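J.: Each protein sequence line maps, in turn, to chains A and B. Sequential numbering of the first sequence, starting at 269, is according to this note's numbering. Sequential numbering of the second sequence, starting at 109, is according to this note's numbering.
Since the hints were derived computationally from the structure, they do not count as laboratory data. Misleading hints may appear alongside valid ones.
What the hints assert, rightly or not - Here are the simulated lysine to aspartate or glutamate pairs, EDC-like style, with alpha carbons at most 16 Å apart:
1. A:K749 to B:D352
2. B:K265 to A:D641
3. A:K780 to A:D681
4. A:K433 to A:E400
5. B:K265 to A:D334
6. B:K423 to A:D334
7. B:K265 to A:D482
8. A:K358 to B:E138
9. B:K264 to A:E274
10. B:K334 to B:E318
11. B:K312 to B:E326
12. A:K575 to A:D593
13. A:K725 to A:D681
14. B:K265 to A:D399
15. B:K125 to B:E138
16. A:K389 to A:D327
17. A:K358 to B:D394
18. A:K679 to A:D482
19. A:K679 to A:D622
20. B:K264 to A:D327
Unchecked claim - Some chain A residues well away from chain B (every beta-carbon gap over 12 Å; in silico):
21. E350
22. A353
23. K358
24. T385
25. V571
26. R670
To be verified - Between beta-carbon pairs, the in silico distance windows are:
27. B:P431 to A:D796: 50 to 58 Å
28. A:R804 to B:H300: 52 to 60 Å
29. B:S147 to A:K575: 33 to 41 Å
30. A:G339 to B:G185: 36 to 44 Å
31. A:V572 to B:H300: 32 to 40 Å
32. B:E186 to A:P367: 47 to 55 Å
Computed from a predicted model, the values in this text were never measured in an experiment. Glycine included, each C-beta is placed from N, C-alpha and C at the ideal position.
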Amino acid sequence: MNRFAELLDRLGYEPGRNNKLRLLTAYLRDTPDPDRGYALAALTGALSFKHAKPGLIRDLIMDRTDPVLFGLSYDYVGDLSETVALMWPKAPLPGHNNPPPPTLSEVVTTLRTLGKTELPKQLARWLDELDETGRWALLKLVTGAMRIGISARLAKTAVAALGDKDPHDIELIWPGLAPPYPDLFAWLEGRGDKPVNSDPAPFRPVMLAHAIEDTDFSNLDPADFIAEWKWDGIRVQAVSGRDERGQMQARLYSRTGEDITKSFPDLVPSLHLSGAIDGELLVLREGRVQTFNVLQQRLNRKVVSPKLIKEFPIHLRAYDLLGEDENDLRELPFAERRAHLEKFIKKLDDPRIDLSPTVAFDSWDALMAARADPASAGAGEDAEAVEGVMLKRREAPYLPGRPKGQWWKWKRDPHIIDAVLMYAQRGHGKRSSYYSDYTFGVWTSGEGGEQLVPVGKAYFGFTDEELLQIDRFVRRNTTEKFGPVRHVVHEPEQGLVLEVAFEGLARSSRHKSGVAMRFPRISRLRWDKPPREADRLETLERMLKDVTAN
Amino acid sequence: MRPQDILMPVPAGLCCKPGGFHIDPVRPVERAVITHGHSDHARPGHGAVLATQETLDMMRLRYGDNFARTTQAIRYGEEMRLGDVRIKFHPAGHVLGSAQIAVSCKDTCIVASGDYKDAEDPTCTPFEVVPCDVFITEATFGLPVFRHGDAADEVKKLLASVALFPERAHLVGAYSLGKAQRVIALLREAGHDAPIYLHGAMEKITYYYESRGIALGELRPVKGVKKADLAGTITLAPPSATSDVWTRRFPDPVTAFASGWMRVRGRARQRGIELPLVISDHADWDGLTATIAATGAGEVWVTHGQEDALVHWCKSRGLAARPLDLVGYGDEEEHESAAADEAEV
Numbered sequence: 269m270n271r272f273a274e275l276l277d278r279l280g281y282e283p284g285r286n287n288k289l290r291l292l293t294a295y296l297r298d299t300p301d302p303d304r305g306y307a308l309a310a311l312t313g314a315l316s317f318k319h320a321k322p323g324l325i326r327d328l329i330m331d332r333t334d335p336v337l338f339g340l341s342y343d344y345v346g347d348l349s350e351t352v353a354l355m356w357p358k359a360p361l362p363g364h365n366n367p368p369p370p371t372l373s374e375v376v377t378t379l380r381t382l383g384k385t386e387l388p389k390q391l392a393r394w395l396d397e398l399d400e401t402g403r404w405a406l407l408k409l410v411t412g413a414m415r416i417g418i419s420a421r422l423a424k425t426a427v428a429a430l431g432d433k434d435p436h437d438i439e440l441i442w443p444g445l446a447p448p449y450p451d452l453f454a455w456l457e458g459r460g461d462k463p464v465n466s467d468p469a470p471f472r473p474v475m476l477a478h479a480i481e482d483t484d485f486s487n488l489d490p491a492d493f494i495a496e497w498k499w500d501g502i503r504v505q506a507v508s509g510r511d512e513r514g515q516m517q518a519r520l521y522s523r524t525g526e527d528i529t530k531s532f533p534d535l536v537p538s539l540h541l542s543g544a545i546d547g548e549l550l551v552l553r554e555g556r557v558q559t560f561n562v563l564q565q566r567l568n569r570k571v572v573s574p575k576l577i578k579e580f581p582i583h584l585r586a587y588d589l590l591g592e593d594e595n596d597l598r599e600l601p602f603a604e605r606r607a608h609l610e611k612f613i614k615k616l617d618d619p620r621i622d623l624s625p626t627v628a629f630d631s632w633d634a635l636m637a638a639r640a641d642p643a644s645a646g647a648g649e650d651a652e653a654v655e656g657v658m659l660k661r662r663e664a665p666y667l668p669g670r671p672k673g674q675w676w677k678w679k680r681d682p683h684i685i686d687a688v689l690m691y692a693q694r695g696h697g698k699r700s701s702y703y704s705d706y707t708f709g710v711w712t713s714g715e716g717g718e719q720l721v722p723v724g725k726a727y728f729g730f731t732d733e734e735l736l737q738i739d740r741f742v743r744r745n746t747t748e749k750f751g752p753v754r755h756v757v758h759e760p761e762q763g764l765v766l767e768v769a770f771e772g773l774a775r776s777s778r779h780k781s782g783v784a785m786r787f788p789r790i791s792r793l794r795w796d797k798p799p800r801e802a803d804r805l806e807t808l809e810r811m812l813k814d815v816t817a818n
Numbered sequence: 109m110r111p112q113d114i115l116m117p118v119p120a121g122l123c124c125k126p127g128g129f130h131i132d133p134v135r136p137v138e139r140a141v142i143t144h145g146h147s148d149h150a151r152p153g154h155g156a157v158l159a160t161q162e163t164l165d166m167m168r169l170r171y172g173d174n175f176a177r178t179t180q181a182i183r184y185g186e187e188m189r190l191g192d193v194r195i196k197f198h199p200a201g202h203v204l205g206s207a208q209i210a211v212s213c214k215d216t217c218i219v220a221s222g223d224y225k226d227a228e229d230p231t232c233t234p235f236e237v238v239p240c241d242v243f244i245t246e247a248t249f250g251l252p253v254f255r256h257g258d259a260a261d262e263v264k265k266l267l268a269s270v271a272l273f274p275e276r277a278h279l280v281g282a283y284s285l286g287k288a289q290r291v292i293a294l295l296r297e298a299g300h301d302a303p304i305y306l307h308g309a310m311e312k313i314t315y316y317y318e319s320r321g322i323a324l325g326e327l328r329p330v331k332g333v334k335k336a337d338l339a340g341t342i343t344l345a346p347p348s349a350t351s352d353v354w355t356r357r358f359p360d361p362v363t364a365f366a367s368g369w370m371r372v373r374g375r376a377r378q379r380g381i382e383l384p385l386v387i388s389d390h391a392d393w394d395g396l397t398a399t400i401a402a403t404g405a406g407e408v409w410v411t412h413g414q415e416d417a418l419v420h421w422c423k424s425r426g427l428a429a430r431p432l433d434l435v436g437y438g439d440e441e442e443h444e445s446a447a448a449d450e451a452e453v
């Protein structure tokens with residue numbers, strides 16, 4: 269447990285993806301079975317313990333410490349697991365008879381079979397035996413609140429590195445594996461055969477598109493391509509197949525291969541034909557596609573209530589078919605797969621799954637017009653959920669990754685405003701010496717006259733050279749410092765105007781301005797523009813109205 | 109005599125009227141008695157200063173030869189009469205030369221412990237428990253969540269990280285007086301014998317430690333060293349420098365910080381620290397409470413830090429306790445950040 273605890277602890281502070289991978293791979297290489305397997309399970313979200321609730325942990329600590337001291341401490345630390353881990357009194361057992369701290373395997377296997385009434389005593393025993401980091405990790409593990417910035421995909425990439433394999437290979441066999449994965453490690457270390465994925469509904473690595481540039485069009489012939497709307501939902505793969513007993517198994521995967529079926533139980537009955545659909549997950553109300561902000565209410569939910577299902581009905585818009593029954597269709601040209609898909613969707617005949625329509629065009633100019641106005645080019649009332657268009661080469665097979673020249677995405681022009689830099693914060697990792705996180709605001713009339721109200725935060729979009737320039741500006745124009753945050757001069761005649769591009773806008777009660785931007789980034793530095801000429805909150809409110817009026 | 113007639117807090121610091129002096133005054137006074145060399149306790153501009161030789165030397169290094177009109181050195185265990193009181197210096201275990209000051213008047217003894225720790229430290233004389241009637245304690249880490257553990261384990265963590273990332277530089281933020289030298293000494297004890305690099309602000313004080321017979325192995329100024337040559341090395345720097353433009357001279361640096369604050373994850377994250385090292389020169393909660401009990405004092409005055417929790421603990425043990433309103437002291441690390449930030453380029 270202690271080695272796993274150290275890993276979690278370090279990962280929590282490490283901002284860099286590659287360094288996280290290094291830490292994970294080193295752990296998986298140096299830790300024996302079955303501990304490393306259970307660690308992998310914990311990191312990929314394959315473990316859950318239903319009885320360990322925060323209330324139980326609070327009761328444990330209240331029995332052992334002064335309530336006033338606990339109150340002051342919790343108030344200072346702000347995290348229950350951490351406060352308890354730090355405050356837990358040293359075990360009263362003196363001498364050499366102390367049991368060794370539990371291994372991760374011991375914790376996982378014990379918790380699997382332990383009844384609810386025995387849990388407090390068992391947890392207390394482990395907390396006595398572990399050190400601070402161990403206690404913290406144990407509490408994070410059992411309450412299912414690890415939040416250390418590791419995706420299942422990253423954990424699988426780390427395990428692939430152990431045997432110099434492609435992470436896609438791990439994804440392919442993953443659904444057939446179970447903790448603590450002895451066969452997986454045996455294969456990666458050259459001690460065994462590749463585990464066979466006996467899963468009837470496996471994930472297939474996805475094909476991705478390149479962003480198209482203006483200069484690309486001259487080399488492309490419109491006749492070679494099929495265009496579709498690019499929907500502002502989330503990319504998923506819906507796979508169904510019969511297991512050895514003939515039962516239909518259906519699974520929904522994210523684009524990285526994470527199994528997200530549990531979050532969308534309402535879609536499962538619709539996946540009743542054996543096949544693998546590539547498509548977009550959307551929320552539809554009365555046949556109309558809702559914006560991403562609405563869909564967001566359904567994402568990352570552990571518990572899916574009937575109310576949520578009813579208020580946010582989930583829908584799959586299909587654009588590709590990767591397999592059907594026993595047949596792998598990925599080698600076929602896209603135009604042929606599309607024909608298979610159309611037949612498949614017809615046969616499926618389910619209101620929750622429909623076909624993503626194609627967009628007719630005979631020249632790039634015609635497509636550009638459709639992209640600028642999806643409403644009159646076929647998207648109709650769903651136009652607001654269209655992010656742009658996708659171009660897919662008729663002849664392209666389904667290739668994993670981002671192959672060159674096959675698929676293109678052509679986004680609608682983003683919204684743009686001019687805002688004023690208000691606060692800057694240092695970045696992390698390589699950027700820890702640079703002020704690289706920017707809070708920006710727009711003008712509004714307040715009690716004291718014209719004032720800036722913060723409307724968003726951005727930390728990318730600029731070049732390295734621009735970062736140096738902003739960093740220099742921040743350091744020379746700081747008016748106040750609060751820990752890592754600097755207030756930067758923002759007066760009508762003095763300050764820096766940032767051109768901010770963003771994808772969408774939503775009302776938000778969490779922001780003082782009342783609006784929240786989606787995907788904001790710095791698109792240009794407007795050294796030429798005095799802050800008084802930056803945009804006003806009314807401009808954003810108008811954009812918001814345009815959105816909701818559609 | 110009531111204890112508050114012997115020592116009382118005034119705006120200039122802790123004042124001993126019957127002795128005619130102040131302890132660690134924050135404003136210039138005629139006669140100052142100083143516990144240790146950190147800048148919030150040892151300030152320039154006093155008339156006469158009484159302190160250990162090391163503390164006087166450190167003040168001279170920092171403020172120049174004319175930091176006080178006259179100075180007088182006193183040894184641990186040495187007793188001296190000042191006005192109507194007797195004072196005696198005892199080791200505080202905080203940094204080199206740090207002392208607790210016992211002030212006795214008739215049959216009442218008050219110990220002003222300054223900053224102290226009861227943990228092992230190869231760079232200074234170990235803390236000594238001084239029996240007294242009133243104990244004045246700091247409370248920098250006066251919450252039961254602060255339990256520092258073994259500093260040697262933290263140094264092992266640092267060395268494991270250096271082994272795992274040999275192509276990166278490791279930057280260890282550490283207060284330049286005391287903490288930095290302790291970290292270096294601990295690295296040597298752990299068997300790390302490669303050269304250790306120093307930020308310019310640490311050089312003078314670190315060489316002073318060496319001149320007092322504390323072996324720190326091979327040290328090199330980091331200034332002028334090529335970026336590529338710093339891969340796999342450890343550099344000690346003031347905490348504020350580790351998030352400064354200065355770090356751009358290092359290859360993909362891992363930022364560490366040696367401080368008791370690193371016990372709380374939120375504090376480490378807030379500062380963008382990747383490798384927190386829980387190494388403190390102040391007593392942790394267990395150290396504070398054990399020391400209070402060991403002095404046998406019936407009354408405890410609590411100053412700078414988390415006074416509430418420690419006062420509550422004392423009262424629950426039947427001890428008279430009160431927070432002491434002293435301003436101007438704090439966590440030396442925060443002070444140093446503020447100071448070094450001004451010099452930022």
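J.: Would you say the C-beta atoms of A:V572 and B:H300 sit inside 32 to 40 Å of each other?
T.: 53 Å, violated
J.: Hint check: B:K423 vs A:D334, CA-CA at most 16 Å. Holds or violated?
T.: 12 Å, holds
J.: Assess, step by step, whether the Cα of A:K433 is no farther than 16 Å from the Cα of A:E400, and give holds or violated.
T.: With a Cα-Cα distance of about 36 Å, the restraint between A:K433 and A:E400 is violated, given a limit of 16 Å.
J.: For a C-alpha distance cap of 16 Å, please report whether B:K265 and A:D399 respect it.
T.: Holds. B:K265 to A:D399 sits at ~15 Å (cutoff 16 Å).
J.: Do the alpha carbons of B:K265 and A:D334 lie within 16 Å of each other, as the hint requires?
T.: Violated, at roughly 32 Å.
J.: Within 16 Å, alpha carbon to alpha carbon, are B:K265 and A:D641?
T.: 58 Å, violated
J.: Are the Cα atoms of B:K265 and A:D482 separated by 16 Å or less?
T.: Since the Cα atoms of B:K265 and A:D482 sit roughly 51 Å apart, the hinted pair is violated (cutoff 16 Å).
J.: Quick one, are A:K389 and A:D327 close enough, alpha carbons at most 16 Å?
T.: Given pair A:K389, A:D327 holds - Cα atoms ~12 Å apart, limit 16 Å.
J.: Would you check the hint for B:K264 and A:E274, treating anything up to 16 Å between C-alpha atoms as holding?
T.: With a Cα-Cα distance of about 12 Å, the restraint between B:K264 and A:E274 holds, given a limit of 16 Å.
J.: Has the given pair, A:K358 with B:D394, been kept, meaning a C-alpha gap of at most 16 Å?
T.: With Cα atoms ~10 Å apart, A:K358 and B:D394 stay inside 16 Å; holds.
J.: Against chain B, does A:K358 hold up as non-interface, every C-beta pair farther apart than 12 Å?
T.: 8 Å, violated
J.: Within a Cα-Cα threshold of 16 Å, do B:K312 and B:E326 meet the stated pairing?
T.: 15 Å, holds
Comparing the model with each earlier hint shows violations of hints 2, 3, 4, 5, 7, 8, 10, 12, 13, 19, 20, 21, 22, 23, 29 and 31; every other hint is respected.
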